[in-house]
Amino acid sequence: MTANILDGIVLGLQFGLLAAGLTLVYGLGGVLNLAYGQMAVVSAMVVLFSMDADVPALPAIGLGVLAGGLSGLILDLTVLRPVYRLWGEARVLLSLLLTLGVAFVVDGFLNWQYPQAGLTLRIGGGPVEILGVPMRAGSLVASAVTLLAMAALLVFFRATTLGRAVRSVIEDQEGARLVGIDPHRMLRLILILSGVLAALVAVTRSMVAPVTVTAGFGLTVNALIVTVVGGLGSVPGALLAGILLGIINTIAASYIGTFLSLIILLTAAALTILIRPSGLLGVSE
Amino acid sequence: MLEVIDLSAGYEGGDVVNQIDFHVDEGEAVMIIGSNGAGKTTLFRSLIGLHRLSSGKVLFEGEDIASMPAQRIVRLGISFVPAERHLFPRMSVQENLVLGAYPKRPDTETIELVMALFPRLAERRRQHAGTMSGGEQQMLAVGRALMAKPRLIVLDEPTTGLAPKLAAEAYEALGVLRQRGLTILVAEQQVPLAMQLSDRGYVIENGAIRMEGTSAELAQNPEVRHAYLGVV
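Those protein sequences? They're chains A and B, same order as listed.
Position 43, counted from 1, in the first sequence is what the numbering used here calls 43; the numbers after and before it change by one each time, with no gaps.
Position 138, counted from 1, in the second sequence is what the numbering used here calls 138; the numbers after and before it change by one each time, with no gaps.
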């Protein structure tokens, strides 16, 4: 049981970081990015191909993170342009349809060109015992990196002027404009940041299990579930829900079976919506 | 300082304000009075860059700002306090004020000026804006607007939702700002308060300017007395 909970936390931290990117873009700009998982896969492939071309691991990871950020910028500059002319539900709907299109194109291309590709980063060193459970070095490094990224994210939003400016747009877009903040520039920044987060999740995930070309939609679905449970637009909510669902997922997979874990996650999400429609830490409008 | 020429603006169904002309000189306090739905809010939202103009010009110190978005206009030196305030409810008083100075870091002098003007805000520095009373929120909205060090402050019905005593206090604070040389443009339904503050005024009815004059002249005008000062 302890092993399951610890493994669940490892997975949950990644869920949380993944969902943070999705929830921020939605909270800030009413854009639901269904190509989010593909951003992570593209980053993973950039790391993989760089390492295949004999680039050392750390610079290769750097290139992957860069690719993640760039993919966010490209979305902002291309497919999302018509989305920005709409407001409210129409905006959410068009962003959802267009990014789903992007997801299919990217997924199709990668599966056609590199059907066998998968990124696995091996971290040296033997298992480390934590609470009597031997944990793989990969899991520990992955969790350390994820925790560091989360801490950086929270410091950015709580303690920097730019981070506060981003939050102000989530809280009151008109108020933000009145103090001189350009909501669209903040959204572009956050799209780039979400790409970086997707890349970090891809990299840390590959330290625990392979990230294959087909992983995109699965990552998006997980991020969506965590986002809904945590509350749309809430970063702390995403982090908390990520850890909770990670533990539920691991325990369900271990005691019931992997084939049911997605159903159990969806059930947990559905129950949350029934009991608390705005999510764990979401704010009801 | 501010010159509005032939401004028309509205929504898809048609213009709500038509061919408005008015001006505000440096150091003046100018009021725009009119009943609910007369077009004051649409007028202010369009000159401040939150709403698109159908036609007309808005000159601020000679520069046409009519097609600029609100986030650029505030950097030129005009701060707007909307009737709905649009504070950041889940941020502290302090954070709201800090963001008022965006993108610069707020200087202590301006923060101290705001705290001296509204001592309540100093007491509630760490409190979330959304949990404060209407009067305190109004103080914070004005305080946040001052953080940008504007040369012109534009207020849309600053007494909205305030009890008479708090409304009077709000206008006292505006009086202090006026004495410090800040130029003020205010739209108001509570005409007696606005009249004490302002040098001049315009009366807006059905989206057009119907009368203008010094506050003293308007206070003597029988129509104004009847419609806005409750004198039969």
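Be aware that a few hints might be false.
[Stated by the list, open to error] Not everything, but these chain A residues come out facing chain B in the computed CB check (under 10 angstroms):
1. Asp52
2. Thr161
3. Leu162
4. Arg164
5. Ala165
6. Asp172
7. Gly175
8. Val179
9. Gly180
10. Pro183
11. Ile275
12. Arg276
Keep in mind that the hints were calculated from the coordinates and are not lab data.
From the three backbone atoms N, C-alpha and C, an ideal C-beta is built for every residue, glycine too.
Quick rundown of the hints versus the structure:
Checking Asp52 (chain A) against chain B: minimum C-beta separation of about 43 angstroms lies over 10 angstroms; hint violated. Given the 10 angstroms rule on beta carbons, the hint for Thr161 (chain A) holds: about 7 angstroms separates it from the nearest Cβ of chain B. Annotation: Leu162 (chain A) was flagged as interfacial toward chain B, and the flag holds, the nearest CB pair being 8 angstroms apart, inside 10 angstroms. At a threshold of 10 angstroms, the smallest CB-CB gap from Arg164 (chain A) to chain B is about 6 angstroms, leaving the interface hint in force.
The closest approach between the C-beta of Ala165 (chain A) and any C-beta of chain B is roughly 6 angstroms, which is under the 10 angstroms cut-off, so the hint is satisfied. The beta carbon of Asp172 (chain A) comes within 5 angstroms of a beta carbon in chain B, closer than 10 angstroms, and the hint placing it at the interface holds. At about 3 angstroms, the closest approach between the beta carbon of Gly175 (chain A) and any beta carbon in chain B falls short of 10 angstroms, and the interface hint on this residue holds. At its closest, the beta carbon of Val179 (chain A) sits 5 angstroms from a beta carbon of chain B; the interface hint therefore holds under the 10 angstroms criterion.
Hint on Gly180 (chain A) holds. Least Cβ distance to chain B is approximately 4 angstroms, under the 10 angstroms limit. At its closest, the beta carbon of Pro183 (chain A) sits 8 angstroms from a beta carbon of chain B; the interface hint therefore holds under the 10 angstroms criterion. Using the Cβ-Cβ criterion of 10 angstroms, the hint placing Ile275 (chain A) at the interface with chain B is not satisfied: the shortest such distance is roughly 22 angstroms. Of the supplied interface hints, the one on Arg276 (chain A) is violated, with its beta-carbon coming no nearer than about 17 angstroms to a beta-carbon of chain B, more than 10 angstroms.
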